[in-house]
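Chain A is fixed; fit chain B onto it per the hints.
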Amino acid sequence: MPVALVWPTEICYLKSPLYPPSLSPHWKKPEKNIYTSCGGKQSTALLGLGICKPKHTSRLDLETPARTQPFSTERERKKFSKRKKTEKKMFAAENGLKDDPRLQAISDAIRVIPHFPKPGIMFQDITTLLLKPKAFKDTVDIFVDRYRDMGISVVAGIEARGFIFGPPIALALGAKFVPLRKPRKLPGKVISEAYVLEYGTDCLEMHVDAVQPGERAVIIDDLVATGGTLSAATRLLERMEAEVVECACVIGLPEVKGQHRLNGKPLYILVEPRPVEADCC
Amino acid sequence: MSACKEDDPRIHGIKSKIRVVPDFPKTGIMFQDITTLLLEPKSFKDTIDLFVERYKEKNISVVAGIEARGFIFGSPIALAIGAKFVPLRKPGKLPADVIKQDYTLEYGNDCLEMHVGAVESGERALVVDDLIATGGTLCAAMSLLERAGAEVVECACVIELPDLKGRERLQGKPLYVLVESH
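As you go down the protein sequences, you meet chains A and B in turn. Okay, so the first sequence: first residue is -4 according to the working numbering, each after it adds one. Okay, so the second sequence: first residue is 104 according to the working numbering, each after it adds one.
Here chain A stands alone, though its shape is the one from the complex (with noise of 0.2 Å):
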């Protein structure tokens, strides 16, 4: 009788000796190279199995979805790997613009002000980007270039920093704009999507004729740290039944590097954090 294998991603085959892999009329053998959802490779042993510890499972949005099968075919691992690595590139400097003079300029325009809002948060601020007229306008010259001529029909931005980087971008590239709010600030008719934040949870809403069924939207906001509010912001654009291609960001936090997507969605991001002097707090 066949074993209908089904191979989870949380538990460890070395607990479970009674469904040894090599037995199982299902199990191939793995090829060397299995990337798992933790986007790293793991030891043979397990990799049958395509199980991983993830290391951010409290943020799945975060993840990518996990393998639980093993490649039946070279080129589709080759495919699978192919994939990963173009994944990898959501920096700006490994996407193209390696070198670029202009992220440098925009990196160093970005003030860093330790402890705001609260003890331990180095925030990232923008403003003082906005008041160099030739780097804000680089910001916005980099994400038109990219979009331009991805057929993008709708640019959504994020309350309230979203509004300034957002519709510069709509504007050249003939896109509309769609600003995506915090509760009954929109008058219409609205839906809503509601996110996790550290203490507690947010919502984010947009008017339900903002946009068409099939539009192709990008999402920008200043900068992404855990991903929550552009997940929510995603979800609200595929309600709507448009197709999100792509969300970018100026700035994104050290939760957001290393992994590849967000939600499934490619995100592009411009500049790393700056670090902080070391004479500064």
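No lab work stands behind these hints, which were simulated from the structure alone. It is possible that part of the hints are untrue.
Subject to a maximum C-alpha distance of 30 Å in a straight line, what follows is the list of computed DSSO-like cross-link-like pairs (lysine-lysine) [stated by the list, open to error]: (1) A:129 with B:203; (2) B:161 with B:203; (3) B:118 with B:276; (4) B:148 with A:132; (5) B:196 with A:180; (6) B:276 with A:127; (7) B:276 with B:203; (8) A:129 with B:196.
Just chain B now, kept in the frame of chain A:
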């Protein structure tokens, strides 16, 4: 002054794209919703172009936008005329040292803040918001800029509600609007 409706054909297109939502945020208020204007790329571009054409030769070095809808119009205007963009925000949002200005609402008070050092003495500034009603918020915005030593050249809004007499509250500062709504 308003933009002369007969002179510029773009004005009619802009006005027709603004949606009026009755009884928001409370009964009796006819809310002027600019989000529908933002869904029409040509009309949104025309809106910005009208402001940019007016200000690009006026040596404006600062465009201050009032949170949050002022950001949507102020930011593209600043970029197009090569000026700094300075966000004027509700309390507690700006992370560095700020100066504050209180102002009165219909019921109660509110407060607007600006970063210290965002504008320098002698800079020529524009204040941008989507709409002027009573003029309270715009007055607070002008105060902040003037306290920092800037010269407010003009206030610019997409919509004016003339019946609320906000223009008079601006104490002689020029106001430029694209459409009026009675």
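Next item on the list: Below or equal to 30 Å on CA atoms is what counts here, so check residue 161 of chain B against residue 203 of chain B.
Entry: holds (28 Å)
Next item on the list: Below or equal to 30 Å on CA atoms is what counts here, so check residue 148 of chain B against residue 132 of chain A.
Entry: holds (17 Å)
Margin query: Hinted pair, alpha-carbon criterion (30 Å max): residue 196 of chain B, residue 180 of chain A. Please report holds or violated.
Written below: OK: residue 196 of chain B and residue 180 of chain A at ~17 Å, within 30 Å.
Margin query: Check whether the Cα positions of residue 276 of chain B and residue 127 of chain A lie no farther apart than 30 Å.
Written below: Holds: residue 276 of chain B and residue 127 of chain A sit about 27 Å apart, inside 30 Å.
Next item on the list: Take the C-alpha atoms of residue 118 of chain B and residue 276 of chain B, compute the straight-line distance between them, and say whether it is at most 30 Å.
Entry: holds (24 Å)
Notebook entry, point to check: residue 129 of chain A and residue 196 of chain B: Cα distance at most 30 Å?
Noted result: holds (25 Å)
Margin query: Would the hint linking residue 276 of chain B and residue 203 of chain B be met if the CA-CA limit is 30 Å?
Written below: Roughly 21 Å separates the two Cα atoms, so the pair holds.
Notebook entry, point to check: Between residue 129 of chain A and residue 203 of chain B, does the CA-CA distance stay at or below 30 Å?
Noted result: holds (28 Å)
Hint violations for this structure: none, all hints satisfied.
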